[in-house]
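Protein chains in written order, with the UniProt record's numbering: chain A, 1 to 129; chain B, 1 to 231; chain C, 1 to 246.
These aren't lab readings, by the way, just hints derived from the structure by calculation.
If you're wondering where the values come from, they're calculated on a predicted model, not measured in any experiment.
No residue lacks a Cβ here, since even glycine has one placed at the ideal position from N, Cα and C.
You may find that some hints are simply not true.
Taking lysine-lysine and the DSS-like style, the derived pairs with C-alpha atoms no more than 25 Å apart in a straight line are [to be verified]: (1) B:K130 with B:K107; (2) C:K241 with C:K171; (3) C:K143 with B:K93; (4) B:K6 with C:K140; (5) B:K16 with C:K15; (6) C:K52 with C:K171; (7) C:K242 with C:K76; (8) B:K93 with B:K107; (9) C:K140 with C:K52; (10) B:K93 with B:K165; (11) B:K16 with C:K143; (12) A:K53 with B:K6; (13) C:K76 with C:K15; (14) C:K241 with B:K130; (15) B:K130 with B:K93; (16) B:K130 with C:K76; (17) C:K76 with B:K93; (18) A:K53 with A:K33; (19) A:K41 with A:K88; (20) B:K107 with C:K15; (21) B:K16 with C:K241; (22) B:K6 with C:K242; (23) A:K53 with A:K125; (24) C:K171 with C:K76; (25) C:K241 with C:K140; (26) C:K140 with C:K242; (27) B:K165 with B:K107; (28) B:K130 with B:K165; (29) A:K41 with A:K53; (30) A:K53 with B:K93; (31) A:K125 with A:K41.
Beyond 10 Å from chain C on every Cβ pair, some chain B residues (computed) [to be verified]: (32) G22; (33) D81; (34) G127; (35) Y230.
Calculated Cβ distances over 10 Å to all of chain B for the following chain A residues [claimed, not checked]: (36) G7; (37) M9; (38) Y20; (39) E73; (40) F81.
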Amino acid sequence: MNEIRVGGMRFALDLSQPLYEQVLEQVRSSIAKGEIALGEKIPSVREMAQALKINPNTVMRAYQELERDQLTETRRGQGTFITTDADKVSHIRHRLAEEAVEEFLARMSSLGFTAADIANILRAKGGEG
Amino acid sequence: MTVAIKGAGITKSYGKRRALDGFDIEVPEYAITAILGPNGAGKSTFMRMLTGMVEPDSGTLTVLGERPSWQNNRRISYLPDRARWYQGHTVEKAIEWGARLLPEFRKDEAWELAGSLGLEADLETEGMSKGQEARLMLALCLAREVPLLILDEPFSGIDMLSREKIVAALIDSFSTRRQTVLICTHEIAETESLFDHAVFVNDGRTALAGSVEDLRAERGSMQDIYRRIYG
Amino acid sequence: MNNGQFAFLIRHELKLESCKRFARSWYWIYIAAVAVVLFVAVAIWGGAEGLKSEYLLLFSFGLPFVFCMIAFQKLKREWTGNTLGWWLALPYPRSRLLLAKLAASFGLAVGISVLFFAGVAIVETFNLLVHRLGFGGFGKFVKLELHFLLILVVITPIMQALGLLIAAVSKSSLRPLTPLLWITFGLFGNVLNYLNGPADIEHGEAWGLFGGSVTGWIWLAVPVIWLVAALLFAGAVNVCKKYLVL
């Protein structure tokens, strides 16, 4: 799995998982991480497909989903841009954080830790840091 | 999903050998579909049927709603299996050949493609590497504004750089026009990220078919599936 | 298929090998060497009762075979050059695709014949000049050549349709018929030899065909020959439509 940089964004695609979801998630996290700034233009479907060496239909689907979430907006004749609405971005940051925590909690509970255990561990880690 | 190519119960024998044995297939419109399988699985026999070069012994086949025929080939851009280009031609003559004989051939587009694929106008077929020849033939196929593009083993036996250029040209072409693309290949590694739909052929039958994204979610990469089916 | 496309296809068929072959310099060296030998031989042994240019015309007996092979090669090339897929997937009927090959082959055959007879006429001119025989007999010689040319033109379509048929059959499920077709090739190709029986070439007679010693009914053979040629061609088209093994 090689890392590919497109503009400020980083991608690493795993061919054993649906590509559409990976492209979508990785653009989202690029926005959340600020690798791509508010109002910045994102690569066209063609450029993105070319850079990632994937089917343009897959990129198109991911872009449509971003547009539906209002994370991007298409200006006719100019291309697609990241939203200028900082709230949208903080919303997505929040959502990604929630997802990460949920994932973490699910894993911890599968390892047999209770909420209290987890809190203790986090506190200890945080204390050290 | 509208279907561009539909085959049902196709059989074809050569003497005692059954190339296709009750082959079923549906190729969706405006998507890139891959027919995957090892050599001798019956892929190329099927590909040749699409342009009417080979007739099925039994079964039904429709391509863009019609039975294959020379008339239907007006709407099909076809890269034959193991094809070479005419000796004694140059890139320029090849493009002229396409412009004069192939319907909906866009000469300016052919020149643009030749340029981006690194082919000089006066390069002679005799002097071309296998990769250059493959790039020329792909340029001729992509320069046609037709609803169906069929590529039979476009990547076999050519160098890595030519292969990358061909993949790039395909992505460009597919982003700019609404076209149904059917690619037959046994080399999946570099190409599987291009496909929307995959059909695995084994012993003249469909072993597995479906949307590539669904197959990835259910069974992993095309390479993994390939190994499981044929390994 | 419009006329422009058909004409282009014929030109494409014509150009491919012919251009390349004549571009090779050794090809011309051989031709020049043969010419030199001929002129020297005529200068030494020519004359009224010596070596006659008429004998050179006997070489044309081989031309029907050559013409058959030209058509054969025009089709076979699609296999040997791996261009068959391009050719068969062209959106034109098989009959047109093959007709372009036949037309190009016929054009080459006529071209080669004309060059051959012109060459022999030059040798004859040289002979007449060197041995001071005067040009009284030259008209008769040219007429004899034209008779040869006419007969070649009549039989070329049959030989070339046969060439296409052999090439197609040998790549089809009807392949067991190939030896039979090569036998036909041998039989048909010798047509000039058969006609040679009653001929008196040495005295400028092309088999009496044109001298009135053979019945005029013989000319009815022309449409019959062309009809057979058409049938062979239709056979080749049919084989390409239905019986090819790819």
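Structure-based check of all given hints:
1. B:K130 with B:K107: 23 Å, holds
2. C:K241 with C:K171: 12 Å, holds
3. C:K143 with B:K93: 42 Å, violated
4. B:K6 with C:K140: 69 Å, violated
5. B:K16 with C:K15: 41 Å, violated
6. C:K52 with C:K171: Given that 25 Å is the threshold and the Cα spacing comes to 45 Å, the pair is violated.
7. C:K242 with C:K76: 17 Å, holds
8. B:K93 with B:K107: 12 Å, holds
9. C:K140 with C:K52: Given that 25 Å is the threshold and the Cα spacing comes to 14 Å, the pair holds.
10. B:K93 with B:K165: 22 Å, holds
11. B:K16 with C:K143: Violated - the C-alpha atoms of K143 of chain C and K16 of chain B are around 59 Å apart, more than 25 Å.
12. A:K53 with B:K6: 28 Å, violated
13. C:K76 with C:K15: Given that 25 Å is the threshold and the Cα spacing comes to 16 Å, the pair holds.
14. C:K241 with B:K130: Roughly 30 Å separates the two Cα atoms, so the pair is violated.
15. B:K130 with B:K93: Distance of about 18 Å is within 25 Å: holds.
16. B:K130 with C:K76: Given that 25 Å is the threshold and the Cα spacing comes to 22 Å, the pair holds.
17. C:K76 with B:K93: 21 Å, holds
18. A:K53 with A:K33: 24 Å, holds
19. A:K41 with A:K88: Holds: K41 of chain A and K88 of chain A sit about 16 Å apart, inside 25 Å.
20. B:K107 with C:K15: Measuring from Cα to Cα gives roughly 22 Å; hence the hint holds.
21. B:K16 with C:K241: 22 Å, holds
22. B:K6 with C:K242: Given pair K6 of chain B, K242 of chain C holds - Cα atoms ~22 Å apart, limit 25 Å.
23. A:K53 with A:K125: 41 Å, violated
24. C:K171 with C:K76: With a Cα-Cα distance of about 9 Å, the restraint between K171 of chain C and K76 of chain C holds, given a limit of 25 Å.
25. C:K241 with C:K140: 48 Å, violated
26. C:K140 with C:K242: 50 Å, violated
27. B:K165 with B:K107: 20 Å, holds
28. B:K130 with B:K165: With Cα atoms ~14 Å apart, K130 of chain B and K165 of chain B stay inside 25 Å; holds.
29. A:K41 with A:K53: Roughly 20 Å between the alpha carbons, so the hint for K41 of chain A and K53 of chain A holds.
30. A:K53 with B:K93: 31 Å, violated
31. A:K125 with A:K41: Measuring from Cα to Cα gives roughly 39 Å; hence the hint is violated.
32. G22: Fine: 21 Å to the nearest Cβ keeps G22 of chain B off the interface.
33. D81: Nearest chain C Cβ is 7 Å from D81 of chain B, so the label is violated.
34. G127: 13 Å, holds
35. Y230: At roughly 24 Å from the nearest Cβ of chain C, Y230 of chain B sits farther out than 10 Å, so the non-interface label holds.
36. G7: Non-interface label on G7 of chain A holds, nearest chain B Cβ at 17 Å vs cutoff 10 Å.
37. M9: M9 of chain A clear of chain B: closest Cβ-Cβ about 17 Å, beyond 10 Å.
38. Y20: 6 Å, violated
39. E73: 20 Å, holds
40. F81: 19 Å, holds
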